[in-house]
Amino acid sequence: MTQGRISELLVRETGRPVGGKGMSLIVATAGLGFLAAGLAARRPSGGPHTPSATSPRKREALRLSRDGAAIMGSSVLLDSGMEHLRGDYRRDAMYAAPLAGAASMAASMAEPRTGSPGKLIEGVHVGAVATGMAGMGFHLGNVLRRPGGLSWDNLFYAAPLGAPGALIMSGLIGMATHRMARSSGQERRHGRQLAALSAGAMLAETAEVALLHYRGAYHDPAMYLPVTLPPMAAAGLLLEAARPRRRRRGPLRLLLRGVEALGYIGTAFHALGVARNSGGWRNWRQTTMAGPPMPAPISFAGLGKSGRAALDLLDIADDRLGEDSK
Amino acid sequence: MTRPIGRRAAEAETDPRAVNGCAPDVFSRDGTVPMREFPESEEVDFVIVGAGCGGSVLAAKLAEAGMSVVLFDAGPFFRPLSDFASDEYEQEKLYWLDPRVSDGDDPIELGANNSGQAVGGSTVHFQMVSLRFRPEWFKSRTKLGYARDWPVDWQEMWKYYAEVENALKISGPIRYPWGPKRGRYPYRAHEVNEAGLVLARGAEALGVDWAPTPLCTVSAPRGKSPPCAYRGMCKIGCSVNAKQSMLITYVPRAIRAGAEVRDLAMVGRVETGQDGRATGVSYHRGGEWRHQKARNVVLAGYSIETPRLMLNSATSRHPQGLGNSNGMVGRNLMVHSNHAVWGEFEDEIRWYKGPPSMATCEHWNYVDDDPTKDFDGGYSFMSQGPLPGDFAGTLTGATGMFGDELLTAMGKYNRMAGLKIVGETMPAPDNRVTLADESDPLGLPRARVTYAFSDNDKRLQRHSLDFMSKMLGAAGGRNLLETSSTAHLMGGCAMGDDPETSVTDDMGRSWDIDNLWICDGSLMPTAGGVNPAMTILANAARIADRIVAARNG
Ligand SMILES: Cc1cc2nc3c(=O)[nH]c(=O)nc-3n(C[C@H](O)[C@H](O)[C@H](O)COP(=O)(O)OP(=O)(O)OC[C@H]3O[C@@H](n4cnc5c(N)ncnc54)[C@H](O)[C@@H]3O)c2cc1C
Ligand code: SF4
Numbered sequence: 179m180t181q182g183r184i185s186e187l188l189v190r191e192t193g194r195p196v197g198g199k200g201m202s203l204i205v206a207t208a209g210l211g212f213l214a215a216g217l218a219a220r221r222p223s224g225g226p227h228t229p230s231a232t233s234p235r236k237r238e239a240l241r242l243s244r245d246g247a248a249i250m251g252s253s254v255l256l257d258s259g260m261e262h263l264r265g266d267y268r269r270d271a272m273y274a275a276p277l278a279g280a281a282s283m284a285a286s287m288a289e290p291r292t293g294s295p296g297k298l299i300e301g302v303h304v305g306a307v308a309t310g311m312a313g314m315g316f317h318l319g320n321v322l323r324r325p326g327g328l329s330w331d332n333l334f335y336a337a338p339l340g341a342p343g344a345l346i347m348s349g350l351i352g353m354a355t356h357r358m359a360r361s362s363g364q365e366r367r368h369g370r371q372l373a374a375l376s377a378g379a380m381l382a383e384t385a386e387v388a389l390l391h392y393r394g395a396y397h398d399p400a401m402y403l404p405v406t407l408p409p410m411a412a413a414g415l416l417l418e419a420a421r422p423r424r425r426r427r428g429p430l431r432l433l434l435r436g437v438e439a440l441g442y443i444g445t446a447f448h449a450l451g452v453a454r455n456s457g458g459w460r461n462w463r464q465t466t467m468a469g470p471p472m473p474a475p476i477s478f479a480g481l482g483k484s485g486r487a488a489l490d491l492l493d494i495a496d497d498r499l500g501e502d503s504k
Numbered sequence: 076m077t078r079p080i081g082r083r084a085a086e087a088e089t090d091p092r093a094v095n096g097c098a099p100d101v102f103s104r105d106g107t108v109p110m111r112e113f114p115e116s117e118e119v120d121f122v123i124v125g126a127g128c129g130g131s132v133l134a135a136k137l138a139e140a141g142m143s144v145v146l147f148d149a150g151p152f153f154r155p156l157s158d159f160a161s162d163e164y165e166q167e168k169l170y171w172l173d174p175r176v177s178d179g180d181d182p183i184e185l186g187a188n189n190s191g192q193a194v195g196g197s198t199v200h201f202q203m204v205s206l207r208f209r210p211e212w213f214k215s216r217t218k219l220g221y222a223r224d225w226p227v228d229w230q231e232m233w234k235y236y237a238e239v240e241n242a243l244k245i246s247g248p249i250r251y252p253w254g255p256k257r258g259r260y261p262y263r264a265h266e267v268n269e270a271g272l273v274l275a276r277g278a279e280a281l282g283v284d285w286a287p288t289p290l291c292t293v294s295a296p297r298g299k300s301p302p303c304a305y306r307g308m309c310k311i312g313c314s315v316n317a318k319q320s321m322l323i324t325y326v327p328r329a330i331r332a333g334a335e336v337r338d339l340a341m342v343g344r345v346e347t348g349q350d351g352r353a354t355g356v357s358y359h360r361g362g363e364w365r366h367q368k369a370r371n372v373v374l375a376g377y378s379i380e381t382p383r384l385m386l387n388s389a390t391s392r393h394p395q396g397l398g399n400s401n402g403m404v405g406r407n408l409m410v411h412s413n414h415a416v417w418g419e420f421e422d423e424i425r426w427y428k429g430p431p432s433m434a435t436c437e438h439w440n441y442v443d444d445d446p447t448k449d450f451d452g453g454y455s456f457m458s459q460g461p462l463p464g465d466f467a468g469t470l471t472g473a474t475g476m477f478g479d480e481l482l483t484a485m486g487k488y489n490r491m492a493g494l495k496i497v498g499e500t501m502p503a504p505d506n507r508v509t510l511a512d513e514s515d516p517l518g519l520p521r522a523r524v525t526y527a528f529s530d531n532d533k534r535l536q537r538h539s540l541d542f543m544s545k546m547l548g549a550a551g552g553r554n555l556l557e558t559s560s561t562a563h564l565m566g567g568c569a570m571g572d573d574p575e576t577s578v579t580d581d582m583g584r585s586w587d588i589d590n591l592w593i594c595d596g597s598l599m600p601t602a603g604g605v606n607p608a609m610t611i612l613a614n615a616a617r618i619a620d621r622i623v624a625a626r627n628g
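Top line first, the protein sequences correspond to chains B and R.
My numbering puts the first residue of the first sequence at 179, with every later residue one more than the last.
My numbering puts the first residue of the second sequence at 76, with every later residue one more than the last.
Honestly, the hints are just simulated from the structure, not real lab data.
Everything numeric in this text was worked out from a predicted model, so none of it was measured.
Hints may contain errors.
To be verified - Sample of chain B residues facing chain R (criterion: CB under 10 Å; computed from the structure): (1) Y392; (2) H397; (3) D398; (4) G451; (5) S456; (6) G457; (7) T465.
Said to hold, decoys possible - The list that follows gives simulated cross-link-like pairs (lysine to aspartate or glutamate, DMTMM-like), each with its CA atoms no further than 25 Å apart: (8) K256/R with D284/R; (9) K218/R with D443/R; (10) K533/R with D444/R; (11) K545/R with D530/R; (12) K487/R with E186/B; (13) K487/R with D266/B; (14) K299/R with D398/B; (15) K214/R with E480/R; (16) K428/R with E261/B; (17) K428/R with E501/B; (18) K428/R with D493/B.
Even glycine gets a Cβ: it sits at the ideal position worked out from N, Cα and C.
Make a model of the complete structure from these sequences and hints.
Take a look at the structure:
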């Protein structure tokens, strides 16, 4: 079994088979560091690197989308942080996922910039996408290496193919938002692009949830919620991306708020799921790892937000059209 | 017998717990659930002797159909959460360890490897492998040319397999490589542990199919059962309650439906009247002999205790024992060959993690025309995960090693893997249960079990050892060790279509006494090359439906 250098070091230093605490500490410190950096960069600086052209309404809409991307980044940070701890950070590369998630979260939280700070932010997003792609490759390799290859059992239990997708999506949405913030106008085009992107991410996320809830035999009817609501919202978003229609947006917004709420409710459900494992929360060291992943559902909250941001952009475009024709 | 530490409620092994209108709540540490009770003088519809696979399913289904049922078991009524320890020796309390006389050319070891004594029967400590018979085996004489036919159609059994698999939420693979299509298992298969992946790699190297084993422990929460925690204590009783044993499934269902359970109640005789029909049972509970009246008596004590009870209930009207005018009671007892190959591996495997048999290969149950197949019947084999005490016993038994040598060998425990068969043996009339001359402390004659393997059985064993050695070698195993043993019991009171050669008809009703029934593993006319529990359960579910239909019809 390949042992990463960091893992070996920790084992040597702590004298324990798995230096779980050390590993978590590395990830937690980095995560908090990035959170602080993100918060610091969140204030509109008004300085030389502030994109001047965007209207306040557009900026608000894009902020919603950035919050969404940041939430997804935090979900990746926590989820991969935990799952890779479960895998003992056996390879050094396993640190990349939570770190990229944290960086992507910080970059999305930051106010868009021009110049070199802007390049840095976009570089982080590109990095997140690249890390996600590489992760998917690693995970696919892990699946294919096991007996049975691309079998149901390996899709259920080997490294999950869908998980790095969340990092890709968080990077993409963050990147797209940042780009959009640098130009004024074009709300209609941007709105449609963001709608399509959010819809795609929602469908991908649904596919992963469907697989994992199937593994759990849909033992609780509530497990059907995240495989029904998000695809409905995604369908609505795709329609908007193809042919924006204002009257559709009211109900669609409601649906997207539902998807967002699902992110929070899902976390609570997963907490209950953890409690249903042997020993319940008293045995949290084991059950939080064995039970349903607590940080996973929250990414739906992020997607709900970026979906709504897309609708906001389309509204702005429609309003402008109305004013122009006056 | 050692006492578990920290027991608060009645001592399960000495004081009956299902009393005063309450039964233990098996999902609690010391709680109870309400239970209906019947006066002994009241003639209940059914007395069922034995709360294992056969008895529990029958009790639940008959009670749900509105019949009055009293379910007896000689063993204790445990609460797994507080009564089960992660300790191999403490947990011997689950086995039927009362001595029996074992003889014949190949005397079989009795106890931990084949019979339990507890409410829930052998399923309290079984290893949860949940396989179906190959359809042709129900007509092995007609279709495959050996042994005898079952009086049952495979398609009917297929329906009942699905029923019990659903009732127990079996966790199995989405695609099962052998046999006709089966519906999807109610729960998904568990993640195969390293020991199972050894089998998988070996199978892929040899080009035969393998599958994650369908297991009777849940892979996701179910009601009050948490999902399996993969601690691997299954064979000594699951203290997590993930294992869907009879104790936590059909027995509570029976109680909810109005059946009464009497624990620590050893039935010593089936009583019969002037007309030769059964009138009830005499049983020993709470230090005294008692009597329960019944319109029907069902024996479900498994392949040794059921024939023992029938033989021991002889009267002047039934001089050879009950239901035994043709002398078939106790005959055609079968075991499964349980031969194994063990090997050492480079990498750490930690085979004790998770249920012991997470991967299986049924290849040799389904091929008939392979030129190397020089035996009738079939065998399956599974990956292994014996607990340390168990494996030390295996090593000592097979090689005689002891002391330092054993210590060194056990030092390799975490880097070992093994493959073990469940091999079909042929029914033979001289493999049988009779009554011994000696008696147990209650004054009941002990069972005497006489057993010999046939030449066919030995050829099958040799074939399996060769094949598994090849597979284990292909997976990277070195220093291979072969061992032999037996597991499970089947037959002893075969059902059949012919009153001359069987003990009961196709619904388990004695040919001689129309209100005496059998519903357990002893009904099996053949053993098949798979673990028997699912077949016994499905057969019991079928018999229950037949009884209900007969009453309504
Ligand atoms: C260690 C072990 C592992 C196993 N693993 C598997 C497996 O993985 N898969 C599988 O399919 N099968 C397995 N089996 C076999 C399976 O458990 C049995 O075949 C099955 O439980 C038999 O069902 P039964 O109803 O005939 O008898 P049992 O389940 O044994 O029930 C009989 C009950 O009757 C009671 N009884 C007997 N006589 C009397 C009497 N006179 N008065 C009152 N009560 C009485 C006993 O106490 C016992 O509780 C295993 C068995 C053992 C021992
Ligand atoms: S491994 Fe699973 S089934 Fe076996 S004892 Fe542990 S929890 Fe129970």
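Consistency of the hints with the structure:
1. At its closest, the beta carbon of Y392/B sits 7 Å from a beta carbon of chain R; the interface hint therefore holds under the 10 Å criterion.
2. Hint on H397/B holds. Least Cβ distance to chain R is approximately 5 Å, under the 10 Å limit.
3. Interface restraint check: D398/B against chain R, minimum CB-CB distance 8 Å, threshold 10 Å, status holds.
4. Hint status for G451/B relative to chain R: holds, with the closest Cβ pair at about 7 Å, below 10 Å.
5. The beta carbon of S456/B is positioned within 10 Å of a beta carbon in chain R (closest approach about 4 Å), and the interface hint is therefore held.
6. At about 8 Å, the closest approach between the beta carbon of G457/B and any beta carbon in chain R falls short of 10 Å, and the interface hint on this residue holds.
7. Because the closest C-beta pair between T465/B and chain R is about 9 Å apart, less than 10 Å, the hint holds.
8. Pair hint K256/R plus D284/R holds up; C-alpha atoms about 16 Å apart against a cutoff of 25 Å.
9. Pair hint K218/R plus D443/R holds up; C-alpha atoms about 11 Å apart against a cutoff of 25 Å.
10. Using a Cα cut-off of 25 Å, the hinted pair K533/R and D444/R holds, with the two alpha carbons roughly 19 Å apart.
11. Between the alpha carbons of K545/R and D530/R the distance comes to roughly 23 Å, so the proposed pair stays at or under 25 Å and holds.
12. Taken as a hint, the K487/R and E186/B pair is honoured in the structure, with Cα atoms around 23 Å apart against an allowance of 25 Å.
13. Proposed proximity of K487/R and D266/B is supported: the alpha carbons are some 23 Å apart, at most 25 Å.
14. As the CA atoms of K299/R and D398/B are separated by approximately 13 Å, the hinted pair is consistent with the 25 Å bound.
15. Restraint check for K214/R and E480/R: the C-alpha separation of about 49 Å exceeds 25 Å, so the hint is violated.
16. A threshold of 25 Å between alpha carbons decides the hint, and for K428/R with E261/B the separation of about 19 Å falls inside it, so the pair holds.
17. Restraint check for K428/R and E501/B: the C-alpha separation of about 69 Å exceeds 25 Å, so the hint is violated.
18. Between K428/R and D493/B, the direct Cα distance comes to roughly 57 Å. Violation of the 25 Å bound is thereby established for this hinted pair.
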